[in-house]
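Given the structure of chain A, go ahead and fit chain B onto it with the hints provided.
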Amino acid sequence: MKVRKRADKRTEDTGWKITWKRFRRHKAALTGAVCLSVICVLCVFISLVRMKDPYQIDVYKRFVVPGAQGFIFGTDELGRDIFSRVFYAGRISLAVGIFTALISVFIGSTFGIVSGYYGGRTDSAMMRFTDVILTFPPTFLLLILAAFVGTSLLSIILIISLTRWMPVARIVRSEVLSLKRRDFVVADIAVGCSDLHIIFKTLLVNVMAPILIAMTLTVAEAILIESTLSYLGYGIQPPTATWGNMLNQAQSYFSKAPWLAFFPGALITITVVSVNFIGDGLRDSIDPRLRNA
Amino acid sequence: MRRLLFMVPILILISIVIFFLVYMAPGGPMAVYATNPYVSAEELKRIGESLGLNRPLPIQYTKWFLSMVKGDWGYSYISGRRVTASIWERVPATLQLTGTAFFFTVIFGLPLGIIAALRRNTFVDYLLTSGAVVGQSIPVFWLAIMVILIFSVFLKWIPPGGISTTGMPTNILDRIHHLVAPSLVLSTVYIAIWSRYMRSSLLEVLRQDYVRAARAQGLSEFRVICQHALRNAILPIINLAGLHAPFFLAGALVTETVFSWPGIGRLFFDSLNNRDYPILLGILFIIAIIVLMGSLIADVLCAFADPRISYD
Numbered sequence: 001m002k003v004r005k006r007a008d009k010r011t012e013d014t015g016w017k018i019t020w021k022r023f024r025r026h027k028a029a030l031t032g033a034v035c036l037s038v039i040c041v042l043c044v045f046i047s048l049v050r051m052k053d054p055y056q057i058d059v060y061k062r063f064v065v066p067g068a069q070g071f072i073f074g075t076d077e078l079g080r081d082i083f084s085r086v087f088y089a090g091r092i093s094l095a096v097g098i099f100t101a102l103i104s105v106f107i108g109s110t111f112g113i114v115s116g117y118y119g120g121r122t123d124s125a126m127m128r129f130t131d132v133i134l135t136f137p138p139t140f141l142l143l144i145l146a147a148f149v150g151t152s153l154l155s156i157i158l159i160i161s162l163t164r165w166m167p168v169a170r171i172v173r174s175e176v177l178s179l180k181r182r183d184f185v186v187a188d189i190a191v192g193c194s195d196l197h198i199i200f201k202t203l204l205v206n207v208m209a210p211i212l213i214a215m216t217l218t219v220a221e222a223i224l225i226e227s228t229l230s231y232l233g234y235g236i237q238p239p240t241a242t243w244g245n246m247l248n249q250a251q252s253y254f255s256k257a258p259w260l261a262f263f264p265g266a267l268i269t270i271t272v273v274s275v276n277f278i279g280d281g282l283r284d285s286i287d288p289r290l291r292n293a
Numbered sequence: 001m002r003r004l005l006f007m008v009p010i011l012i013l014i015s016i017v018i019f020f021l022v023y024m025a026p027g028g029p030m031a032v033y034a035t036n037p038y039v040s041a042e043e044l045k046r047i048g049e050s051l052g053l054n055r056p057l058p059i060q061y062t063k064w065f066l067s068m069v070k071g072d073w074g075y076s077y078i079s080g081r082r083v084t085a086s087i088w089e090r091v092p093a094t095l096q097l098t099g100t101a102f103f104f105t106v107i108f109g110l111p112l113g114i115i116a117a118l119r120r121n122t123f124v125d126y127l128l129t130s131g132a133v134v135g136q137s138i139p140v141f142w143l144a145i146m147v148i149l150i151f152s153v154f155l156k157w158i159p160p161g162g163i164s165t166t167g168m169p170t171n172i173l174d175r176i177h178h179l180v181a182p183s184l185v186l187s188t189v190y191i192a193i194w195s196r197y198m199r200s201s202l203l204e205v206l207r208q209d210y211v212r213a214a215r216a217q218g219l220s221e222f223r224v225i226c227q228h229a230l231r232n233a234i235l236p237i238i239n240l241a242g243l244h245a246p247f248f249l250a251g252a253l254v255t256e257t258v259f260s261w262p263g264i265g266r267l268f269f270d271s272l273n274n275r276d277y278p279i280l281l282g283i284l285f286i287i288a289i290i291v292l293m294g295s296l297i298a299d300v301l302c303a304f305a306d307p308r309i310s311y312d
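Protein chains in written order, with our numbering: chain A, 1 to 293; chain B, 1 to 312.
Excised from the complex, chain A in its bound form (with noise of 0.2 Å):
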């Protein structure tokens, strides 16, 4: 881990340099970033690449063959574009990840930084609220909370940051731990620093590395239980599509049309290895280190 308190404007060039160096050498990772780009650049352009309303319904080209009159990923039972559909519903999915991961991360690295920085008692406390919950498998409180609180987009992703933010926490405390008997952190208390300064100025600074590595991962974690939710029912709710509840729907119409249940899930596939392979090529490239760890 790169420990730098007041780096200045050259080294912390050099340093994120170094990291770029190492995560373009990291293939899977490059493949991830690169898929990752094309499905995103898709659904953010989506209505200019492809004329066709996701919601506009045809009855006279229902259940269209992949390929045939034009669609490229074929009709559903309504007659719908299915390629445009899936990237809009891409868009919800990955809002979902991005959204929740930003939430998760700022829940669970406030609540590590506070319990690694005062420790003791504090700590234990926090820690083993945290154990408890992490503990407890969450795709059941997952459903009951969809299933009562709501399946609106808000309400889906305060949901999922819910149940996503402990890992955050324990990484970061675990982090601060160490950082807190660093010298810099030392020489900060000496001098008088204030709580707050020391907590903004010193260690969110150091462990913004970690961050963004869970970050990355949390978003994959957040679009495959989004999709899970949707499928099940309890996501976000028809007609606005999404990969999970296109999924839900495909299944009433297995053996007539099974590219219906191919293409989101291939969707969501992809999407979640690339994110999975560029958290893991950014892990080893901030902290080589870590590979075997």
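It is worth saying that the hints were derived from the structure and are not from the lab. All C-beta atoms in this analysis are idealised placements derived from N, C-alpha and C, irrespective of residue type, glycine included. Please note: incorrect hints may appear among the correct ones.
Claimed, not checked - Coverage of chain B stretches by chain A, computed from C-beta distances (three or more under 8 Å per stretch; other residues unrestricted):
#1 131-141
#2 249-260
#3 282-288
Below, chain B alone, put in the same frame as chain A:
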């Protein structure tokens, strides 16, 4: 013994969380009756009183927790049957599924991790580690759908779901035929995770001095790996197994739903759809117990495998 005592407050904490989660829900436990047009407001009040729902929440919680401990888990709102009976009849199906999945995880996950570690930084290693990332990233339900689509709809090798062929007398081969696909699907994620853990744990151990010492003694590589390294590398995996025990049940929820497997996960899902609170509470309570038992058993096993660890 101290650890056993320590589990009591945790169990109480989890139970409070579950209880309030379920009871704070909009509509509350009475939602089923409230939406029924044939139930008048008068009757609604009477039902609520008979279920004790008009008392303050802390009292309701205490009563609920005490009756849970005593084994009186109440009655299902929907079927009117005992919660314990409803859950109990689903236990064998879920145990078969999760047990087989656990077995697959051990016989595939660990060897794959060991191979990756021994062939470190070779093509085999990259293939296995990348494969593990993919295995961790595939949504379980989609994998299940694809397996059904390919092996059941197209190839017709396996039945599309269920635990046995309806109308056929219980037949061990028939049961296995139904069991293979869902348990393999359920184990995929864990095979991926365990192989990664196994790999890094073994690599960590292989760097230790006692492995070098064993090699220096001129032991064969096979004995170094099997007798010295693996024994130490397996410890974190035992902990992982204890931690994962409740997660197998969570994975089973999705797998059981897709394969219409009549287990606890499916019961949970159906009860959630019906807002059948006593069953939901019962299943969550069982999971809480499995969570605690899992970590306890893992600790005990670790103490067995590693004489350096001891518990008073």
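These are the hints, each one checked on the structure:
no.: 1; hint: 131-141; in the structure: holds (count 8)
no.: 2; hint: 249-260; in the structure: holds (count 6)
no.: 3; hint: 282-288; in the structure: holds (count 4)
When held up to the earlier numbered hints, the structure conflicts with none and fits them all.
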